[in-house]
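Could you slot chain P onto chain A? The hints should help.
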Amino acid sequence: MQSIELARRARISALTMCSTSGASHIGAALSVIDILAVLYGHVADVAPHRTDDPARDIVLVSKGHSASGVYAVLAHAGYFPLEWLDDYYLDGSHLGGHVTAHGNPGVELSTGALGHALPFGVGRALVDKLDGIDRRVFVVLSDGECAEGSNWEAALMAAHHCLGNVTVIIDRNRLQILGRTEDVLGLEPFADKWRAFGWEVDEIDGHDHVQLTEALRVRSNRPRVIVANTTKGKGVDFMEDKVEWHTLVPTADHLALALAQLQTNTTEVQA
Amino acid sequence: MRDAFVKKLNEKAADDPSIMLLVGDLGFGVVADFGDTYPKQFLNCGVAEQSMVGIAAGMAASGRRPFVYSIANFPTLRPLEQIRNDICYHGLSVTIVSVGAGLAYGSLGYTHHAVEDISILRSLPGMRVFSPADALECSAAVDEILATPGPAYLRLGKNREPLVNPTQPDLSRGEPILIRDGSDVTLIAAGPIITQALEVAELLAPTGVSVRVVSCPVIKPLNAEAIRSVAEGTVGIVTLEEHTILGGFGSAVLEGFAVRGWRTPILPLGLEDAATHIMGSQEWIRERAGLATPYVQQRVATFAEENA
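Chains as they are written, first to last, in numbering that gives the first Met the number 0: chain A, 0 to 270; chain P, 0 to 307.
Below, a list of computed lysine-lysine pairs in the DSS-like style, where the Cα atoms sit at most 27 Å apart: (1) P:Lys-7 to P:Lys-157; (2) A:Lys-128 to P:Lys-11; (3) P:Lys-219 to P:Lys-11; (4) A:Lys-128 to P:Lys-39.
Hints are computed from structural coordinates only; laboratory data are not their basis.
Isolated chain A (complex conformation) (with noise of 0.2 Å):
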């Protein structure tokens, strides 16, 4: 399956999760997908039979709350039954709320707590450069959780270990949970903070899915970080840019339209 294709399956089951069982972050995962699209469709050297295979590389998801988008992808990408995708969130699922590893093909690591995947990521890549394996480490942030001073300890290590089998890529749609990023506590100029830390970085077009693996396809003797330039709420046109899809729950009506945009989105690229 294409990856513009894997998305737009993800778009649609993230919201139908979302609204079905009441989840919020629906922005977060709409913003995210086509770069988890991308990675697990075609960049990334993963592949469902082969999660435990130790020579794959390894995919972590920072942004635990966009769980109904890593999920729906992952079970587009044949990881796990699409039938699991019915039961997100509700009593007894596999699938929480939050990105959770246990019993869940693919997971590297459970997140939802924010600032919690660069570090782990930094030792599984130091680990691979000590014995000499050559596989990446992708790590998706957003970018709200830049905040967290973790990322930035971890950032350093990276740097000074120069992991070039490191590559963050960070969800920039300049929103979170109150408000704009550059109002709540701002990152500009963020491009320039990485670089300071004394990474590569790349900054392009997140949705556009050419850009997405051209950038992720580069490899580099240093730690690069790819900043994704995003719209929360991506593909469904009063979500976009919102701040209050963070939280809201999509309504019966909210999906219909959605569902609606989606589809008609499918003809465009068709045609």
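The following block gives chain P in isolation, referenced to the frame of chain A:
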């Protein structure tokens, strides 16, 4: 005790290349040898404990056996969420090692006193908690930690604690260790404060109170059955720890007995619920915090009398 820890880890690392020692830029004069001998098994993570513990978790997920070493609260309370989520939630084999338990760094002030760590660490899922009394128990704890996978916490004193064990004990069943026999009351210490329990036993002997002194280096999983049997024949148990009495070793014993319906009298001794604002040596603060020998001696004597 910290030298015993590093010596033991040195020995183990020779046979096990998966062992890693991660430090948060602490351990001057203590860890250098390890780093020189095993440069690929040593990592100074800088003054960055959250990152250090996350890194250790990542290394454990890649098959390493990391030991994270720092002092007092720095490897425990500062990165507590990393210990909880990254290590315990994933059941990873990372060992947190804190040197300077209790009031060991007395004069450095409350920021450097580790007096809530047992309560907090033992509440984490799957976390084993070891508080050795001397170098031999420390060495045994490292053996035991490495023999079983999963998270562990090793609470060390400082250095040059007197030996209370004749040989290295076996901690595989978590049994308490009888250090000095006695017939009236059982005084069980967790950690180097056992030297004070021995002083108390010595001072009470001529007064007609015979104190059985026991060391309990394995706080979790607590072997309540073995604690009950080691206290058999005495009127009850007094626990002693250089730690808050809220949720510490004494609480663990109380819980262990209460859930089994055992009615053995138990008196937990430790620090009261108050941050200390006084500066001074470990001994000096113990005295002012009601943990000095005369105070413990009086509490034990009264307990023995009341429950006789």
